[in-house]
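Numbering (our numbering), first residue to last: 1 to 292.
Note that these hints are calculated values from the structure, not bench results.
Heads up, a few of these hints could be off.
[As the list claims (entries may be wrong)] Taking CB as the label site, the calculated pair distances span:
{"id": "1", "residue 1": "Ala285", "residue 2": "Glu65", "range": "39 to 47 Å"}
{"id": "2", "residue 1": "Glu154", "residue 2": "Leu121", "range": "38 to 46 Å"}
{"id": "3", "residue 1": "Gly217", "residue 2": "Leu121", "range": "41 to 49 Å"}
[As the list claims (entries may be wrong)] Here are the simulated DMTMM-like pairs of lysine to aspartate or glutamate, each with C-alpha atoms no more than 25 Å apart in a straight line:
{"id": "4", "residue 1": "Lys181", "residue 2": "Glu164"}
{"id": "5", "residue 1": "Lys267", "residue 2": "Asp236"}
{"id": "6", "residue 1": "Lys181", "residue 2": "Glu127"}
{"id": "7", "residue 1": "Lys193", "residue 2": "Glu58"}
Each residue gets a CB set at the ideal place from its N, CA and C atoms; glycine is no exception.
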Amino acid sequence: MSRTVLITGATGTVSGALMDALSDVDVDVRALVRDEAKAQGIESRGVQVRVADLGTPESLPDAFEGVSDLWLLNANGPRAPENSINAVWAARHAGVQRVVRMSVFGAAHGAPTRSGRLHALADHQLESSGLRWTILRPQYLMQNLLGSVDPIIEQNAFYLNAGEGRIGAIDARDVAEVAAKILTDQPDHHHAKIYSPTGPEAISFAQAAAQLQQATGYDVSYVAVPDDTARQSMLDAGVSHWLAGMLVEYGQAFSTGWSDCTTNHVKELLRRPPRRFADFARDHAAAFTSKR
Numbered sequence: 001m002s003r004t005v006l007i008t009g010a011t012g013t014v015s016g017a018l019m020d021a022l023s024d025v026d027v028d029v030r031a032l033v034r035d036e037a038k039a040q041g042i043e044s045r046g047v048q049v050r051v052a053d054l055g056t057p058e059s060l061p062d063a064f065e066g067v068s069d070l071w072l073l074n075a076n077g078p079r080a081p082e083n084s085i086n087a088v089w090a091a092r093h094a095g096v097q098r099v100v101r102m103s104v105f106g107a108a109h110g111a112p113t114r115s116g117r118l119h120a121l122a123d124h125q126l127e128s129s130g131l132r133w134t135i136l137r138p139q140y141l142m143q144n145l146l147g148s149v150d151p152i153i154e155q156n157a158f159y160l161n162a163g164e165g166r167i168g169a170i171d172a173r174d175v176a177e178v179a180a181k182i183l184t185d186q187p188d189h190h191h192a193k194i195y196s197p198t199g200p201e202a203i204s205f206a207q208a209a210a211q212l213q214q215a216t217g218y219d220v221s222y223v224a225v226p227d228d229t230a231r232q233s234m235l236d237a238g239v240s241h242w243l244a245g246m247l248v249e250y251g252q253a254f255s256t257g258w259s260d261c262t263t264n265h266v267k268e269l270l271r272r273p274p275r276r277f278a279d280f281a282r283d284h285a286a287a288f289t290s291k292r
């Protein structure tokens, strides 16, 4: 009998790539979405869809019924631990055999970002749940730079408060393929393990800009800005105060060298090296040039 994998965060970058990674595997994939209007695009991929909200526990039992494996990815925010434990509680009641949770790099009670501290709480909740669990704590996603497409196209630059810090950035597709590997291995194989997947090298945002320039053929620069400038720019763009504060904290942490590290976890799990930033830049060059 095929296993049923429930994908939360189904409209996001990593979960979308995970559905792609599982498409050729003998598992039944079910996606959980909050917005019914977004279900059609997922159903067109041959994926079952359930409409529910991790912030509303009573909406979850139907979505979790018959699920054997849960991919748990919930959005950043002050209620993130609550939403995570709602999912874990629903998983316990539904008899889910394994939970693979996407946390964040450096999650700890003393982390320099509010996201890292909240994810540490959610990770601990899962570890104490009595379920089989695995936690992924990936580095900064290369795809985050797709959020800077407009300034790159309009101003040939992107702006962050990360100074000259280097990050072991990872392609979201590699995170998804690591998750797919874990979700399709035997349930006990990765139980009680924490992986921190990264890219093959730590690079600065200036180096990332140079590689985007090479891939697109257009000038691209990284401009380091003060914390207050970064925060106000995000607020002006409609980003919430909470999220803007979190992103500024990440920039501050990056600038100190906090994320200047890599691991071999992708290679160990997938038996191949992770994608380089140059690979990401080449594969997504069209996104950075489409409006020119």
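Here is what the structure says about each hint:
no.	hint	in the structure
1	Ala285 to Glu65: 39 to 47 Å	43 Å, holds
2	Glu154 to Leu121: 38 to 46 Å	39 Å, holds
3	Gly217 to Leu121: 41 to 49 Å	45 Å, holds
4	Lys181 to Glu164	34 Å, violated
5	Lys267 to Asp236	41 Å, violated
6	Lys181 to Glu127	20 Å, holds
7	Lys193 to Glu58	30 Å, violated
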